[in-house]
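Engineer: The lines below spell out each chain.
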Amino acid sequence: MRRQRIVEDVSALPTYAFGTTMTTWWGTLGFCVIEGMGFALAIAAYLYLVHVNPQWPLADAPPNHWPGTAVLVILLASLWPNWKAEHDAKEENLPAVRRWLVIMSAIGFVLIAIRFYEFTQLKVRWDQNAYGSATWFLLALHATHIITDLADTVVLTALMFTRHGRGKRFADVEDNAFYWYFVVGSWVPMYLLIYWVPRW
Amino acid sequence: MSDAAVTSGRDLRDTALPDGELHARLSRTWGTGKGLIARLSTVDHKIIGRRYLITAFVFLLLGGALAAAMRIQLARPGNQVLGPDAYNQLFTMHGTTMMFLFAVPVMEAVGVYLVPLMVGTRNIAFPRLNAFSYWTYLFGGIFIWTAFALKVGPDVGWFAYVPLSGPQYGVGKRPDVWAQMITFTEVSALAVAVEIIVTTFKQRAPGMTLDRIPLFVWAMLVTSFAIVFSMPAIVIASTTLILDRLIGTHFYNAAEGGDSLLYQHLFWFFGHPEVYIIFLPATGMVSMIVATFARRPAFGYIPLVLSLIAIGFLSFGLWVHHMFATGLPQLGMSFFTANSMLIAIPNGVQIFCWIATLWGGRPVFRTPLLFVLGFFFIFVIGGLSGIMLASVPIDLQVHDTYFVVAHFHYVLIGGAVFPLLGAVYYWFPKLTGRMMSEAMGRWNFWLAFVGFNLAFFPMHILGLQGMPRRVYTYGPEMGWANLNLLATVGAVILALSFLLFVWNVFSSVRGGAIAGDNPWDAGTLEWATASPPPPQNFDRIPLVTSREPLWAERGAMPVVGGLTVDDRQVLVTTVTDARAELRESSPEPSIWPFLASVALTVLFVGSIFTPWAVVWGAVPVGVALLGWFWPKGDVEDEG
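First to last, the protein sequences are chains A and B.
By numbering that gives the first Met the number 0, the letter at position 144 of the first sequence is numbered 143, and the numbering carries on one by one without gaps.
By numbering that gives the first Met the number 0, the letter at position 141 of the second sequence is numbered 140, and the numbering carries on one by one without gaps.
Honestly, I wouldn't trust all of these hints.
[Stated by the list, open to error] Below, in silico cross-link-like pairs of lysine to any residue (SDA-like), each with a Cα-Cα straight-line distance of 25 Å or less: (1) 631/B - 23/A; (2) 167/A - 246/B; (3) 89/A - 578/B; (4) 89/A - 573/B; (5) 167/A - 629/B; (6) 631/B - 16/A; (7) 89/A - 365/B; (8) 167/A - 10/B; (9) 631/B - 2/A; (10) 631/B - 97/A; (11) 631/B - 35/A; (12) 631/B - 91/A; (13) 89/A - 629/B; (14) 122/A - 246/B; (15) 167/A - 28/B.
[Stated by the list, open to error] Restraint ranges, calculated between C-beta atoms of paired labels, are given here: (16) 196/A - 619/B: 37 to 45 Å; (17) 395/B - 73/A: 47 to 55 Å; (18) 495/B - 2/A: 22 to 30 Å.
The hints are simulated quantities; they were obtained by calculation from the structure and are not laboratory data.
From a predicted model like this one, the values you see are computed outputs, not experimental measurements.
Quick reminder that beta carbons are idealized off the backbone N, C-alpha and C, glycines included.
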């Protein structure tokens, strides 16, 4: 090993922070990009099938859009408690973070319930034709994201009610909120595609 | 906190200890234990990288054995060594193994091992994810090879086109095994890509500004971005294929509004960038080897980096050139022809920069450099036949013939395997502390070079003579016998070169000359530490003042102090100018990534028998992830 001379002392640096300072923020962004690319390609595949079929939808009627619209409204409304959770996490305000995480968990459960109902309102089965397959695929892809984020949020909520709910965990809350923005944002094009392209 | 306050208890800092004691204590903090559980729990990027490398080379030898079997079958007309069914499985397993289980993972393996060392940090970002990615890759490889041993090996080609691989023609479980193996390797490759991006962005040693990043790290960074943007396409392709097969969807069923060309688009949107995912890390290796053995910094650092980035972007505009024979609109084909020719420009820039580096240096012709020179020769030939294939009329003539087989072996073996072998000779001392035999290395190179060209050059001519790929035999009246025999002789010589390589590795691990920290007098940070490196990589984090820090700082290395000694801590720096901004804790070893990977394997394998495996299999995966992420109350967890 070579001889060394210390030219800088980093003792005073903090051990956690928020946002782009943290490696986990970049990791979350990386997985959002991967999944966003997955969404983009699924959308491209759907539009490809629209393009090669002279008629669209390949069903008697387009899907009932109301459950999907409800999901959209709830997702957009959830931006506020999600932002509050993020904001209060940065302030390290534990009681407030607990409150907002409980609310976000409850919102997640409501969304999953509606999402299950949404599948019954598509008016086409996945094994009926390519239109049905593509529609179910898009909806299931997004449903997976709601489920995984809900699981993450529930675990994090439980965590914040234990002695571990301090320090670096606040940065985890911030990352969880960041991922939720992606879940909300990705629903907008999916919603238009699933419910309004067949009506176009 | 003042220095006085940090010299005792858990918060002991590296500034408070003499060098010898610091080294011993850090080795304890960052070390991997001895028992089986400890080995399964390790999160050391060097141990995981080494496992990745060994596993990938085992798959190379397995894939190579399949190739040898195929060459023996084709050595003379009407041969009956292999029947058509076995041959179909063999070429599918050969391509699949080489692309998904060798080429991509081996490049990532080199990145997993070297990137943290080259950027001067103590572990890769997200080390537990790294462990998880390795196990998932290993289990995926074991899965497909077990299926092959049970005669359920995929037989539909390495790209598994529909309708051949669809429910109508791909009967049995063979294409399911292929599609699900893809899922394993996707998960693993995407995880490593994110780790490498974040390690490069956030864990570079202070002072390593963007224009001081070693060229291999740049290459791995661009590669990782290519993985992030291209792999989702194969996720969608293999998932929709398996859905068509298992639950009756109709994505690729033309009778129900589906379309088989959609599969080809999705596959090649991944498949073409994949070529560059394999090739770009190899160019990074070449840049490092050329600079060290020319005894000067790489000529044209900025053009080399810009070329890497340009190739990364352009690689996404080429996929349709795999589909010229499918009757796409002419305007679209012209665009893809233009793009396929355009990518030759940044590739050419790189080659001229390497030649200029050698020209302006004092080249030392050791084995690593020999492999690089072999790469120049072979890759340029592969590039030229690539430009021929980019032209639609030529492509239509030689589509699905041995001309294409010759082209992509020139590009992939010449472009990736030759630099990789050179890289093994170059970095072997760092991994093992010993040198490989130079005499055997020269024999290895010349056998590989001669064997390769004898095996693959005749295939250009066979292709022009009309010999199609993927035929298990041919009649004597075709006139292909002599060139095929020549190709088989070449393949035998190439196989011998690999046996010699394996022998050189094994004998050098035990009996090679002791290497020391920096046997080649190279300039980058991986050579600033011991060979093999201690668990903590560096006792103190280097402070970087130049592109080749070891050439610039011949005296005592400038370092930063102040990290904890008894807890794992890495230094996090800013993305562009690498200023220190955080002392972040780094995860301890954990058995949960291994268990999560086992649970995921059960889910993936189960799902080809029943879709319910996805539902019930998700429960143990969830439990394992919970065990993984739930804090254990130590300093690392609480930050």
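Engineer: Each of the hints needs a verdict: does it hold here or not?
Structural biologist: To see whether the hints hold, each was checked on the structure:
no.: 1; hint: 631/B - 23/A; in the structure: holds, 19 Å
no.: 2; hint: 167/A - 246/B; in the structure: violated, 43 Å
no.: 3; hint: 89/A - 578/B; in the structure: holds, 23 Å
no.: 4; hint: 89/A - 573/B; in the structure: holds, 20 Å
no.: 5; hint: 167/A - 629/B; in the structure: holds, 13 Å
no.: 6; hint: 631/B - 16/A; in the structure: holds, 21 Å
no.: 7; hint: 89/A - 365/B; in the structure: violated, 55 Å
no.: 8; hint: 167/A - 10/B; in the structure: holds, 17 Å
no.: 9; hint: 631/B - 2/A; in the structure: violated, 37 Å
no.: 10; hint: 631/B - 97/A; in the structure: holds, 21 Å
no.: 11; hint: 631/B - 35/A; in the structure: violated, 32 Å
no.: 12; hint: 631/B - 91/A; in the structure: holds, 21 Å
no.: 13; hint: 89/A - 629/B; in the structure: holds, 21 Å
no.: 14; hint: 122/A - 246/B; in the structure: holds, 18 Å
no.: 15; hint: 167/A - 28/B; in the structure: holds, 21 Å
no.: 16; hint: 196/A - 619/B: 37 to 45 Å; in the structure: holds, 38 Å
no.: 17; hint: 395/B - 73/A: 47 to 55 Å; in the structure: holds, 54 Å
no.: 18; hint: 495/B - 2/A: 22 to 30 Å; in the structure: violated, 46 Å
Violated hints, in rising order: 2, 7, 9, 11, 18; the structure is consistent with all others.
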